[in-house]
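> Here is what each chain is made of, one letter per residue.
Protein chains: 2
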Amino acid sequence: MEGLTKIDDLGKPRVVIVGGGFGGLELAKALAHAPVQVVLIDKQNYHTFQPLLYQVASAGLDEGDIVSPFRKILNEQDNFYFRLAEVLSVDAQAQIVETSIGCVRYDYLVLATGATTNYFGDAQMEKNAIAIKSVEDALELRNTVLSNFEQALQLGDMEQLNSLLDFVIVGGGPTGVEIAGALSELRTHVFPKDYREIDFKEMDIHLVQSGPVLLKGMSANASEQALKSLQKFGVQVWLDARVKSYDGYTATLNTGQQLVARTLIWAAGVTGAPIKGLDAGCLLPGNRYAVDVYNRVQGYENVFAVGDIALMKTPEYPDGHPMVAQPALQQGRRLGENLHRVLTHRLMEPFHYDDKGAMATIGRNHAVADIKLFGKEYHLDGFLAWLAWSVVHVVSLIGFRNRLMVLLQWTWSYFSYDKGLRYIIGKTRAPLVEADVEGKAIV
Amino acid sequence: MEGLTKIDDLGKPRVVIVGGGFGGLELAKALAHAPVQVVLIDKQNYHTFQPLLYQVASAGLDEGDIVSPFRKILNEQDNFYFRLAEVLSVDAQAQIVETSIGCVRYDYLVLATGATTNYFGDAQMEKNAIAIKSVEDALELRNTVLSNFEQALQLGDMEQLNSLLDFVIVGGGPTGVEIAGALSELRTHVFPKDYREIDFKEMDIHLVQSGPVLLKGMSANASEQALKSLQKFGVQVWLDARVKSYDGYTATLNTGQQLVARTLIWAAGVTGAPIKGLDAGCLLPGNRYAVDVYNRVQGYENVFAVGDIALMKTPEYPDGHPMVAQPALQQGRRLGENLHRVLTHRLMEPFHYDDKGAMATIGRNHAVADIKLFGKEYHLDGFLAWLAWSVVHVVSLIGFRNRLMVLLQWTWSYFSYDKGLRYIIGKTRAPLVEADVEGKAIV
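Protein chains in written order, with the UniProt record's numbering: chain A, 1 to 443; chain B, 1 to 443.
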C-alpha cells in the first residue's frame with residue numbers, strides 16, 4: 001500500500017487535531033502550506049455548521065445543506081489526512097493519542113473537541129430532554145415534533161392531546177430563542193395546513209430562561225426586541241424561572257408552575273468535552289482547558305486547545321471568550337499561523353479576539369443583531385437584522401453547493417411560507433398512541 | 001375536537017388506500033373531486049420516488065430531494081386524510097382495516113402496498129445483503145460504502161483490505177445496472193481524491209445476473225449497450241450466474257467462483273407485500289392479488305389493488321404488467337376515475353396500459369432507452385438516452401422544490417464531476433477495524 005506508507009515516510013512533524021468543528025477545521029486549513037503533516041481525527045466524517053442546526057430541527061433545511069464531509073472540504077490539501085475515529089485518551093509523555101482504531105503518534109496535539117450539552121448532573125433530564133448539539137439531535141427533534149402531531153390526531157382526551165402539541169424549551173440563549181421562533185412559525189404558517197383536524201390554538205410553546213433577560217451577553221436592545229418578537233409570535237416566555245424536574249411529561253418550574261409537554265428541548269448550557277490523560281490541573285470549571293495567549297494548554301509544551309474546549313483568560317476577557325463560532329475560527333487560524341511560525345523558526349504571536357458582534361434570528365423578518373464594525377457598535381432589529389443574519393449565515397457556510405442550496409431553500413420558504421422537509425426518517429421520541437374513545441380518529 | 005369529529009360527519013363513502021407509492025398517491029389525487037372521503041394509510045409520512053433511490057445510495061442526491069410528505073403534497077385537497085400507521089389485517093366482512101393505531105372502517109378499500117425485496121427464502125442472504133427498496137436502505141448503503149473506505153485505510157493485509165473495497169451486486173435489472181454504474185463513477189471521479197492512500201485499481205465492482213442478458217424486458221439493443229457501457233466503466237459483469245450463498249464475506253456463485261466482498265447489494269427480485277385477512281385464493285404466485293380489468297381483487301366487490309401488488313392478466317399482458325412506476329400510476333388514475341364513476345352512477349371503464357417504454361442510466365452521458373411514441377418504438381443510447389432519462393426523471397418528481405433541487409444537484413455534479421453528499425449519518429454495516437501491523441495507517 002504505497003498510499004499508507006507514504007504517511008509514515010513524510011518525515012515532517014505531525015500535527016494531530018482532535019475534532020473538526022469550527023476551530024479544528026480552520027486550523028487544518030491554516031496549515032495548508034506549513035511544513036507539517038496534518039491529521040484530523042473526528043468521530044464524524046463531516047463538519048457540522050452548528051448555527052443552523054435548529055433549522056434542520058424545524059424542517060427548514062436538509063441536513064445535507066449544513067454538513068460538509070472533511071475529505072470533500074480538504075481533498076486538495078496535500079498535507080491533510082483524515083481518520084474517522086473516537087479519541088479515547090492522550091499519553092502526553094509518549095506523545096500518543098489512543099483512538100478507537102489504534103494509536104496515533106503526534107508532534108503537536110491540538111484539542112478542538114468543542115462542548116457538549118450540560119445537564120448539570122440531572123440524569124432524569126438527560127434521559128427525557130432533547131438537545132440540539134448534533135445533526136442526530138436535530139433530526140430526532142424534527143421526527144419527534146412531526147410524530148407528535150401524527151399521534152395527536154388519534155386522541156380526544158384533551159390533556160393527552162395537549163401534552164403532544166405543547167413544547168417546553170429550556171434556555172434563552174440564541175439556540176433557545178431561535179428554536180422557539182421556528183416552532184412558532186411552523187404553528188402559524190405550516191402545520192395548520194397539514195393537520196386540519198388539530199386546533200393549533202392548543203399548541204403552546206414555552207421558553208424558560210433562568211435569568212431576567214433573553215440572549216444574555218447581547219445588548220439590552222437585542223434582549224428586549226427578542227422578547228417582544230417572541231411574545232408577538234405567541235411564545236410564552238418564563239423569565240427568572242428554572243425547570244427543576246422533568247419526567248418526560250410534566251416539567252416543574254422552581255416557581256411551582258407545571259408545564260405538561262411530551263417534548264422538552266434542552267438548550268440551557270454546554271460544558272467542555274475534555275479528553276482523558278491530560279493533567280487534571282489544567283482543566284478549569286466548565287471542563288475547559290486553561291490555555292495561554294498562544295492557545296497552549298497550561299503545563300504542556302506541544303499540546304494546544306482551540307474553541308469551546310479552550311479557556312483563555314485575558315484582561316479584556318477575564319472569563320474567556322464567548323463559546324460561539326468566531327473565537328474558535330479565529331483561534332484555529334491564529335494557531336495555524338503560529339505553528340507555521342514555530343516550524344520556520346519565528347516567534348509565535350498572541351491571540352487577539354476580533355469581536356464582530358452577535359446575532360440571533362427569531363423568525364420571518366425578525367432578528368436582532370449587535371454588529372461591531374471599525375470599533376463602532378450598531379444595533380439592528382427587525383427586517384434589517386434578519387437580512388444581515390441571513391447574509392452572514394449563507395456566506396459563512398462551507399462550499400458553494402451548501403451556500404447555493406441554503407439560499408434557494410430560504411428563498412423558496414420565504415415566498416411560499418412553507419418548510420418542506422417534513423418527513424420522518426429515523427429515530428423519534430414520540431409515543432405510539434392508539435385511537436381513544438373520544439378521539440376515534442378515523443374509525 | 002371539532003376537526004376529528006368532522007371526519008365522522010362527512011357522511012360520504014370512505015375510500016381507504018393502503019400505501020402511498022405511485023399507485024396509491026395517484027389514486028388519492030384522482031379522487032380529489034369525487035364525492036368521497038379519502039383516507040391514505042402509510043407507515044411512512046412521505047412518498048418515495050423509488051427510481052432515484054440508487055442516487056441517494058451513491059451520494060448523488062439528498063434523501064430530502066426524492067421524498068415528499070403526503071400532507072405537503074395533498075394538504076390542499078379537502079377530502080384527503082392521512083394516517084401514519086401500519087396496516088395489520090383486513091376484515092372484509094366487517095369492512096374494517098386493523099392498524100397499529102386502531103381500526104378504520106371503509107366503504108372501498110384499495111391495496112397499494114407495493115412490493116418488497118425477495119430473497120427467495122434465503123435467510124442468510126436476507127441477513128447479510130443490503131437492498132435498495134427504501135430510503136433507509138439507500139442511506140444504510142451509502143453509509144456502509146463510505147465507512148468501508150474509512151476502515152480500509154487501517155489495513156495492510158491485502159485480502160482484508162480488498163474485502164472492504166469490493167462490491168457484489170446481484171441482479172441485472174435497472175436497479176442493479178444503475179447502482180453498478182454509480183459505484184463505478186464514484187471509483188473514477190470521486191473516491192480517489194478523497195482517499196489518496198487507497199489504490200482504486202483494487203476496488204472491484206461485480207454485477208451478477210442470473211439470465212443471459214442485462215435489463216431483461218428491454219430491447220436487445222438496450223441490453224447490449226448497457227453491458228458494453230458497464231464493461232467500459234470497468235464493472236465485472238457475470239452473466240448466466242447466480243449467487244448461491246453469501247456469508248457476509250464470501251459470495252459463492254453457482255459456477256463455483258468465489259467473490260470476496262463485505263458488501264453485497266441485493267437487487268435480484270421483488271415480491272408482493274400482501275395483507276392478512278383476505279382470501280388466500282386471490283393471491284397469485286409472487287404474492288400479488290389477482291385483479292380484473294377494473295383492478296378489483298378477485299372475489300371481492302369493494303376491495304381493489306393497484307400497482308406492484310396487483311396482477312392483472314390481459315391478452316396483451318398474460319403475465320401482468322411490468323412492476324414499475326408507469327402501470328401503478330396509470331392504474332391509480334384509472335381506478336380513481338372509476339370509483340368516481342361508480343359513485344355518480346356511471347359504468348366503470350377497463351384499464352388499458354399505455355406503455356411508454358423503459359429506460360435505465362448507466363452513468364455520466366450513458367443510458368439506454370426504448371421509447372414508445374404514437375405507436376412507434378425508438379431506441380436511444382449514449383448521451384441522447386442519458387439526456388432523455390434525466391429530463392423524464394426530473395419532470396416526474398413531485399413538487400417544484402424537488403425538481404429544482406435535483407436539477408441543480410445534477411447540473412452541479414455534472415460539471416464538477418463530484419457527488420457531494422458523502423457524509424455518514426445513521427446506520428452502517430461496515431465493521432470497525434483496528435489498524436493492523438502491515439497497515440499501521442497513521443501510527
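Be aware that a few hints might be false.
You can't tell identical chains apart in this list, so a pair holds if it fits in one copy or across any two.
To be verified - Here are the simulated lysine-lysine pairs, DSS-like style, with alpha carbons at most 25 Å apart:
id, residue 1, residue 2
1, Lys193, Lys244
2, Lys216, Lys372
3, Lys43, Lys193
4, Lys43, Lys29
5, Lys372, Lys232
Hint data in this document are derived by calculation from the structure and do not stem from the laboratory. This one's a predicted model, so the numbers in the text were calculated from it and none came from an experiment.
> Failing hints, ascending?
1 and 5
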